[in-house]
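Same order as they appear, the protein sequences are chains A and B.
When we follow my numbering, the leftmost residue of the first sequence carries the number 1, and every step to the right adds one.
When we follow my numbering, the leftmost residue of the second sequence carries the number 1, and every step to the right adds one.
It is possible that part of the hints are untrue.
Below 35 Å or equal to it, Euclidean Cα-Cα: the simulated DSBU-like pairs (lysine-lysine) are [stated by the list, open to error]: (1) A:K141 to B:K2; (2) B:K614 to B:K650; (3) B:K157 to A:K39; (4) B:K20 to B:K2; (5) B:K53 to A:K39; (6) B:K356 to A:K141; (7) B:K20 to B:K53; (8) B:K30 to A:K141; (9) B:K205 to A:K39; (10) A:K141 to B:K53; (11) B:K356 to B:K515; (12) B:K205 to B:K356.
In short, the hints are calculated from the structure, not lab data.
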Amino acid sequence: MTPSSQEITQWLVAWSNGDSAALDQLIPLVHEELRRLAKRHMRRERRREQHGVTLQTTALVNEAYLRLIGARNVQWESRAHFFAIAARLMRRILVDYARSRNYVKRGGAAQRVSLEDAAVFSAERAPDLVALDDALDALAKIDERKGRVVELRFFGGLSVEETARVLEVAPETVLRDWRLAKSWLLHELDGRTGYEA
Amino acid sequence: MKPERWQNIERLYHAALERKTDEQTAFLAKACAGDEALRGEVESLLRCDARAKNFMEAPALDLAAQLLAEEQEQSKKAGGQAAEMFGPAPDASIGPAPLESGLLSTTPILIGDYRLLRKLGEGGMGVVYEAEQQNPRRSVGLKIIRGGRLVDEYQVKLFQREARALARLKHPGIAAIYEAGCADDGQHYFVMELVRGIPLLDYVKGRRLRGAQAPSNVRRRLELFLKICEAISYAHQRGVIHRDLKPANIMVADESEVQSLDGLVGVKVLDFGLARITDEDGAGASGLSQAGQARGTLPYMSPEQVRGDPDQIDARADVYALGVILYELLTERLPDDLEHVTLPQAVRIICEEAPKPLNRAWRESRDRDSRKTERIDRDVETIALKALEKEPERRYRSAAAMAEDVTRYLTNQPIHARPPSALYQLRKLVARHKAPFASLATVFALLLGFAVTMARQSTRIARERDKAVAAERVAAEQRDAAEQARNAEREQRAAAEQARNDEQEQRLLAEDHLKNAEEQRALAVEQRIRAEQQELSNRRLLYAAHMNLAVQAWEGKDLGRMQELVQNHIPKPGEQDMRGFEWYYLWRLCHLDRLTLKGHVEAVHSVAFSPDGKRLASGGSDYTVRLWDAGSGQELSILKGHGSAVLSVKFSPDGNRLATGSQDRTVRLWGAATEQEVLARGKQ
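Pulled out of the complex, with its shape left as it was, chain A reads as follows (with noise of 0.2 Å):
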């Protein structure tokens, strides 16, 4: 059964308000979401193989997103409360899941993967989610819109305006702050795997 954007919407502000329960109601719908998106990979990859074409998946993605936020008849104002919880939300459960998969990989032992080759192909490799959800706690601590810019960004699926109006700034402003958190964050990540190697 698909519970009701209504629900959502309870669940995720429950969860805001540190009701941890709230959490596993919402664990299985990103999971699913999840994985219908790796279904489509697959299918995109195999049909990529056959005739050479790569599909865009960016409407996918939104779909995905404003599927498991159920929030497209909410109010402005309120929604935009809610996607900064939406968009925690979405990096606390990616980042568990990256971590436990890490986590069984290495058997056990938490190894970070060098991000070298992220940085350079990023296109192609995906960044290490739990070394970045740690540099993207130092980048916040030294400021802390550019921290949510992130976050809205990447981890909530906000476009550029969607994230201007969440945080009441102008457009350009994100672009900005998007920019130098990006280089920021590669920087320090480079020097995270520059150190411990």
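Once you've looked at the hints, dock chain B against the given chain A.
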């Protein structure tokens, strides 16, 4: 970092970006005014800028999905060996897949006392690994819940129930459980006997096992099937219903693994993940398998399972699955073709359509492989079809009952199952055309119902017609068989006679012969009775089909065809009377009138009685006027003369003359007694 410093960095960064690359260094050197640390930081950020262009541009959800997709692709590719043990893995699900498939690499993974060696396969719920127990040292199968620590309570309950179900079962045909537990990190698992072997269908289709040959003939396959029945029957006795029986869940064990006394290979039933424990679950059973939620593997699911009604599911759902397995074992086909249909269609097929006759499916599969020539015996077909009945109460009550019939067949005893009786089939026929037969009270409603139903289902009726034709053919064959049996009986009797004659000389020998012959005769008699029964049942089928056709004929206004069809079933001397109320009803429809006067070859427009009531005149579109004897219906004469349809006929009051009006714009007067035209007048 102080906020002012950070603001400086930010300002310089964006300012530098507005300049051309070769001017940036000079700009920064000037702007930083000797603060080398500041300059270094801005420059390192600028160096990252180009690389960061695509960084994080795809949302995190999409990246996670890509990772998951890659993971699943890999596990699919590695699924080859897994199928060896546990059949093909269904669509992998989300959650941290605890371990990559295939051989596990360098780092040993320990769960409790067990070291995981390789992944054997995965089902809807869990993943099974080959593992090595440290103490005592032995190879075992270890099953853990899919999804690691992210599983919900419901899945844990199901998982624990599987362990409980297995704990009740100790049978050579069921993989035994050794231990169940929960690892330090909350991972639920249980440990069971490691089964080495291949899935049932692979085995049947000719993959050889060490020391055992693929079962080429029907008998060998039935013996194998009996072993499955025994295991399931045992589970039923212990209160466990499997609910997901399918060939992929049945392994034919390696000879070296299972020592069997009868020289046959052993089977192991696996995966009790959907099992239900009857006495324990009670109300909880409905709680765990939610109503309206169908679980299982579609082609092996009984109608009641497909409909998702957990309260109705009992041991007979397993009997149904056994029926499908038997069908597949014998024909290497599934009874229902569900491959290219949508889910709702599949549900309808499972709930409504009768399975394809075994011998046809068998022939189709034989076309691919000319080595198989054996025909499937009617008794075996009866057994399989009884297990595949749509209504649970018509199936075997239990796996044990099914096993008994198979055993009876294998030992040449008559089986208990009977093909569906003609009465039952007729009832089904009536049920299919619901409205008509039910509302006899209101004849019109009946007719209307028939008309509507038949119009919609004319294709189905065409099929019925084909069936009837086929039934006729079979009946003829059966009659021949009966004839042969009778001849055989006669010959046997002659042989017996002969034997009696020889008695004088060789009494002892003859007595033996006689006994033999008597036995054979009894057999022949039994055969004849059977053939006669078969013929009778075929006649019933034919009758039902003809009644349907008669209704169709009535609807199509083909009275002649209808009468012919109805007439056919007036029993001949010595024949059993098949007729039911529908026959009498249809008969009445054909004979609502006292007399039917047949002669006109086109529509009749007008009829008139002579004043004395003894004769009848009629005119029609065939340009003729006809005179009839009103008492007998005999045609007295045909009056020809009109050049078009005769629209009106009338006798003169004295009855001596007849006037007729026609579309040819003439009125003609006829001497009614002489049947001669006396006057014609045109252009009235």
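Is B:K356 close enough to B:K515, meaning Cα to Cα at most 35 Å? 42 Å, violated
Sort out whether B:K650 lies within 35 Å of B:K614, counting only the CA atoms. 14 Å, holds
CA of B:K30 to CA of A:K141, is that 35 Å or under? 29 Å, holds
Next pair to validate is A:K141 with B:K53; report whether the Cα-Cα distance is within 35 Å. Distance ~24 Å between A:K141 and B:K53 Cα, so the pair holds.
With the threshold set at 35 Å, check whether the alpha-carbon distance from B:K53 to A:K39 stays at or below it. Status holds; Cα separation ~27 Å.
B:K205 and B:K356 were given as a pair; does the straight-line alpha-carbon distance stay at or below 35 Å? 21 Å, holds
Does the alpha-carbon distance linking A:K141 and B:K2 stay inside the 35 Å limit? 11 Å, holds
Just to be careful, I want the Cα atoms of B:K157 and A:K39 compared with a cutoff of 35 Å; is the pair within it? Judged against 35 Å, a Cα distance of about 28 Å means the pair holds.
Quickly compare the C-alpha distance for B:K20 and B:K53 to 35 Å and report which way the hint goes. 17 Å, holds
Compare the distance between the alpha carbons of B:K205 and A:K39 with 35 Å, and conclude whether the hinted pair is satisfied. Cα-Cα ~33 Å, so holds.
Could you grab the alpha-carbon distance between B:K20 and B:K2 and see if it respects the 35 Å cut-off? 29 Å, holds
Given the hint that B:K356 pairs with A:K141, test it: the Cα-Cα distance must not exceed 35 Å. 71 Å, violated
The structure is inconsistent with the numbered hints 6 and 11, although it conforms to all the rest.
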